[in-house]
Amino acid sequence: MTNRTLNPEPSAGAIATAQLRLVTLLQKRDLLVLAAIVVVMIGLALWGQVRMGPEEGGSGTIPIFRGLSVPLALLGLLWPLGVWRADSPERRGYFWSLPVDRRRHTSLRVGIGWVVLVGVSLLIMAAAAASFLPSVIRFEDLRMDVAQVWEPLATATLAYVIVSIFAVLFESPVRWMILAWVGVLGLYIVGEAADLDGLVEGVEDTVESLFVAIGGPVVADESVSDWGRQYLVWLPIAAAGLLSALLWRHEER
Amino acid sequence: MNIPTKLTGNGWALATSGLRKSYGKTVALRGIDLTVPEESVYVLVGPNGAGKTTALKILLDLARPDGGSAEALGMNPRRDGPRLRAQIGYIPEAQKWEHGWMPVSRLLAYHASYFPSWDGEYAARLSKRLELPLERPYGKLSKGQARRVQIVLALAHRPPLLVFDEPTDGLDPLARETTLSVLAEHIAEYATTVLISTHLVHETEKLADHMGVLRDGVLRAQATTDEIQRSLLRYRAEVPDGWDGRAVPDSGVLRRAARGREIEWMVWGSEGEVRSMLGEAGAQVREVTRLTLEEAAVALLSPEGGNHDQ
Amino acid sequence: MLISIDPELRQPIYAQIVDEVRRGRVLGMLRPGDVLPSVRQLAADLGINPNTVKQAYRELEREGLVHVRRGQGTYVTDSAVDGAERNRMLRSVAERALAQARRLDAGAEELIEAVRALERRNGREAS
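Chains as they are written, first to last, in my numbering: chain G, 1 to 253; chain W, 1001 to 1310; chain C, 2001 to 2127.
Hints may be right or wrong, so weigh each one.
Once the Cα atoms are required to be at most 25 Å apart in a straight line, the calculated BS3-like pairs of lysine-lysine come out as [stated by the list, open to error]:
no., chain 1, residue 1, chain 2, residue 2
1, W, K1140, W, K1096
2, W, K1096, W, K1128
3, G, K28, W, K1096
4, G, K28, W, K1140
5, W, K1096, W, K1143
Coverage of chain G stretches by chain W, computed from C-beta distances (three or more under 8 Å per stretch; other residues unrestricted) [as the list claims (entries may be wrong)]:
no., region
6, 92-98
7, 111-122
Simulated from the structure, these hints should not be mistaken for lab results. The beta carbon of each residue, even a glycine, is placed where N, CA and C say it ideally should be.
My request is simple: use the sequences and hints to build the entire structure.
Below is the structure:
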């Protein structure tokens, strides 16, 4: 055989850059729409505050970030649709024909999708916080509680990771979105019907004690809310699920 | 004389051994031994169907065989997938399977980031020559334009192995000629092994030096085009009235047509031997002509054609 | 000189190229010392496999009609273009004509007569 030097494979950096460009460019239009919505909401919030008289002011704390948990969770749920929209009709074509190990390639796409999601979430959170600044500045008794900054991020991440599991396993976005929703809904219904609470608590307690055993202080901290404790348990489990899905999907038999 | 189904030699750019693949109940490949020599232009012909495309997909690890093995450039498509795919310029059967929303120029740049050996200048020259609409989104192109983009994507990183599935499908005649011309220049310039799966044998005739005939998942014939066109000839002979033709042995006879007292055979064999065989059977050979590669392919694909000893 | 090949391809391409070069020599369009197009160039121009061009050049070199100088190109040799080469080409023309005539069950004599009749009709002296 001719001993001709082989053409090189692309470097990890080149692949990552290419995928990053792909994901962000792909989402350009959606991001603009999202930005428009955010701007409108901020505008409304600011306008509302400007119109408030001094006697309508308040006191207490605004759980500014906790309040964003649900919207950002929704964003995380829908995010994989955008991440994988580039590959149509199916991944088993161009994406797979590229000179990259498929597990790595898919993982990279999921990971980069997450990075962009976090970036966008942070921007939204910052915008939301900024929109309430006028009131906070005006009313001395009003405060913004920024302690739970990680809560919306964790919610969005958890949602993204769970849907990504299905996105990795199935190629058709319709299929995995339906399955993800059905799966989550089904789990909820089953959970309500059967007494899964006990089971869930059991799982959480086990994982917590593991954390404590390996010297993790976080979970023992009382200031962490119930929700927070659940994230710390379920996020690693979901991540493990995603990892398994990635490894299984492109197994080199 | 038997129609060859195996090439002799070693130093294959590509070799399969007993390659098998079925899709449910449909058998696409029944254990084929396809061998493509280095720096050759190998044309794989056969009816439109799963066999050819499946073989090509297995090389790209886009399909996994049920049995047998495949090796390209000394690498295993499964085990050495990424490294092998970096050496291959692939044109799939479908024209539109990349990111349709991307403008062509961006698609070229995206593809280039995956192939460090990408020659931007060459890509630009090819784009111009093939008149690619660089600003238009890939998904909005016509079949022919999309095909031409795929050609640039495959050639511009100068891979040692080109795997084309119906490369000129969907192109108008002028575009077809330009494409083949571009390909001819490419292989004249860079040492490349080319595997083309096509049902349009006619236009690849000038480039092909090897041909494999695949039908019903089996290689009916595999040889150099030289040997095929030397051995498969058309004999036109005159026969006496009431000649029953039973004296002509069946082996090697692919086609038979009769027009009154004139009968035409397509026979595989050395000219001298076939002439005497026909003469002994009572037929007076008037004319012996070479076949075009397409005619040969058609004959080898016909139900009687090809080597049936499997 | 422009080398062209028959798109119908009834004759192997390498043989066509060999014939073209022979014809060029016989007609004086290719003189000793002239450089033939490079393998790459001719293959690209004709849209053919470069191995076919190599085959043609090898055949020509074997017959002593060209000389391949590594790295410098393929040169037409100055072997005498005698009548033998011309006759050889003429013979293959005759072969083709005879083959066609045989299809009509006509022999050499009839063919020669038909050619002479054609010459007479064209108003030229039969030599």
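Evaluation of the provided hints:
1. K1140(W) - K1096(W): Cα-Cα ~10 Å, so holds.
2. K1096(W) - K1128(W): holds, 20 Å
3. K28(G) - K1096(W): holds, 22 Å
4. K28(G) - K1140(W): holds, 19 Å
5. K1096(W) - K1143(W): With a Cα-Cα distance of about 8 Å, the restraint between K1096(W) and K1143(W) holds, given a limit of 25 Å.
6. 92-98: holds (count 6)
7. 111-122: violated (count 0)
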